[in-house]
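With chain V held as given, fit chain E onto it using these hints.
Chain residues, written in single-letter form:
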Amino acid sequence: MSIEVRNLSKRFGSFVALDNVNLDVPGGELVALLGPSGSGKTTLLRIIAGLEPADTGVIRFEGEDTTEQPVRERQVGFVFQHYALFRHMSVFENIAFGLRVRPRAVRPSEAEIRDTVMNLLRLVQLEALGKRRPSELSGGQRQRVALARALAVKPKVLLLDEPFGALDAKVRKELRRWLRRLHEEVHVTSVFVTHDQEEALEVSDRVVIMNEGRVEQSGTPEEVYERPATPFVYGFLGDVNLFHGRIERGLVKVGASELEAPPEWADARDQDAVAYVRTYDVELTPSSNGRSSIEATVRHVRAFGPVVRLELDRIDDGSSIEAHLPRAHYEQLAVGKGQRVFVSPTSVTVFAQSDGGKSARSA
Amino acid sequence: MTATAVLRPATTAPRAVTRATGESRLVRWTLIGTALVFLTLVLVLPLVTVFHQALAKGLPAYLEAIGEPDALSAAKLTLLIAGIAVPLNLIFGIAAAWCISKFEFRGKNVLITLIDLPFAVSPVISGMIFVLLFGAHGWFGEWLSEHDIQIIFAVPGMVLATTFITAPFIARELIPLMQEQGSEEEEAAIVLGASGWQTFFRVTLPNIKWGLLYGLILCNARAMGEFGAVSVVSGHIRGETNTLPLHVEILYNEYAFAASFAVASVLTLLAFVTLALKTFVEWQQRRTAAEAAGAEDISERIAS
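Here the protein sequences line up with chains V and E, keeping their order. Going by my numbering, the letters in the first sequence line up with residues 124 to 486, in that order. Going by my numbering, the letters in the second sequence line up with residues 243 to 546, in that order.
Excised from the complex, chain E in its bound form:
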């Protein structure tokens, strides 16, 4: 096609060759322009503002805001909550994905739907659920106060709320992956004499590691950044039940803008790290897939 086009005598008027799905220049630039303006307004500008505001009073003020004891304790609590919620969801995610992808049972679709529930419910409602359950006037409230256990307006409630909010990430990532891989390799391992754990650690886990890591990264990002649900169950006690996102809000409400944005910039940097990791893992996943597919092609040619 191209060859004939090139060889065509110069006398014929050059015709603009457009693909069937191509658009005129005007339409293209309008679309691209709209997208760029939108991205600038919605993504780039806020990001720039965060750092601009954070550094408005200079670097020393910025460092001081981050190094302040309340900020540090908020950071510590954020890490603690993520440190509990993420491993819990790691176990839950793998177990749920395992059940759904390797076994047939009644209520499978109900389980899949339930896993999505935290995505469907507004985070504030998620927080409310726990207040209704464990709060002073909640279902278990009386029993809890009798035994002097505090869940709401304390760290356990925040861990619960965060775990609930972040429950779908890992399971959602693993289910399609494990469904696609099927269970033949596991069967092969068991026939060869491997125990359940050996099969899991030697066969299943290596096959899902990139997907798992991807889910972990997203789960962690959300666990650290969660605001709504945690805000409802937190009680906002400075230095005790404040996470980084909550701390940002408090500072902002106190008109400490520079400090507020300084802490916000820490969370933003965390987002950048997350994105970088996510991109790397995606690239790894694609590479592994491409390798397998490419080798498949070659082997087919060798075979024939």
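Just chain V, with the same shape it has in the complex:
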């Protein structure tokens, strides 16, 4: 069941939560809505579910307009951030709820309900806990009950609001792998909201990055990570260094240095630009590499694990650069705190800064 969102807008008073949002979720995919808090991702999810009305715009499930359809007829599964389990019901009854409230004509028999619930309990690996109250479960278990409850009604689409937001790091990691596997088994079109880029990139088929009520970019995890469409996406996905300067004829002038811009900037007129360099796309050398390297001093080194993280201060303007080096490189380089190094970006993405307008992109 595909989801189409067309020209959706929503305001809360003077706050624009969604600004003309368009979105396509192909049937059977697992899509992440990723963005900082206040970016409108949860509002979008709630409007898709029907829990919130849109000001303008259309939602279609499999081509069918559902914008005006009441929530209870939309057949969506919704998993709330704080689970919203019925606290006075057992786990079993929680999962059975969606079946029990059906009109008598379409309500399954007691035996069928039992079968369905037991199957779901098996699916979410909680067979033994059917009789427990939600308050007697751990956070991760509650989340799985919430998921089973949503799946019990055979939803057309599954919507998850920050599904792992309230869990600690270790459980989060386990649960998101588990969600990925579950999605491969159940294969229901799913949209989940998260502010955690790692989570979005690891779990989803497609990532939709939102900012200030707009969709910044949507694509596969590889696409959005390797070829960010806007400076915002670049900054939001992964650690990045920014070099403010001017671009002219394929070269970004940053302080006294000149970084080589990608080929499409070869004919660029002189203008303000920002060069984005991933923290691992830099080479450090003890001596200058010519004009393409930037001189800096080592402020801090964190040398645990396979990647060594260095914080550097630029000599020319004092701004900081972060560099992630493989341990072997770092050991070869043999620099310590306070020593001088030369930073050479190996891959640069340039966004021109027109006056106040949107940034043009090139990678």
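Hints are computed from structural coordinates only; laboratory data are not their basis. All of these numbers come straight from a predicted model, not from anything done at the bench. Quick reminder that beta carbons are idealized off the backbone N, C-alpha and C, glycines included. Hints should not be assumed to be uniformly reliable.
Cβ-to-Cβ under 8 Å is the rule here; a few derived chain V residues that face chain E [what the hints assert, rightly or not]:
no.	residue
1	Phe201
2	His205
3	Ala207
4	Phe209
5	Phe220
6	Val224
7	Val363
Just chain E now, kept in the frame of chain V:
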């Protein structure tokens, strides 16, 4: 801390270890004493007096006073009025709490303030309001007498006055409870296909049942015990528009002290029952809350 204190050699003089908020013995006993004297004078003594006076002429006289037709009819009327006012306020209380806690709308604060109005106004004034509205010279008086409907100095007026006086109890109890619980569970129920009524009966009601019961008990106690407002609109017709509290007053004014206190003791017993129920419900509420909180702790530990 305690361990080091215990291990300290006996040669050091034992020092009185007081907490920062602790007081000296004298202050403590003065405070406790004052409280006890006050409680005795204001609460215990009157209670003892009620039963002492009620039984002053012996048990047979006591039973006779209670079993007297006027007393019985007053009891019946009290039950009738409470039987109408309490369910009305049950519906009103749930509806008001629902509106206030689950929706955002203009005038919400005005509504909350209005709910408190009966608490703020003196009961006698509350009664007067209804006389002014429905009395012979009131706003609707003429129309009512034309249609031969009597509200003031009759049972309908007493029901109205009691309903007004007891309106805040249930709503006041439910609003903070429902606000704290939020509306996520209701949203979850609706997404799962439940209708409005199904959501109410299967999700909302079970979550608020103890708070609701608590409000009901208090509402009922006040409905049965209300004197001022009911007195104004009653007309004091024996056997017709007399409730138990009004009956107590009449007997007392007629110098039938023993009978008066006998009826009063019935109301006092009702108060005891109310208190017992209230304590039980409070205990239940606390237990449910503690269970949830305790389980939360455990689950956190399991999770980590």
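Please flag the earlier hints that this structure goes against, numbers listed from lowest up.
Failing hint: just 7.
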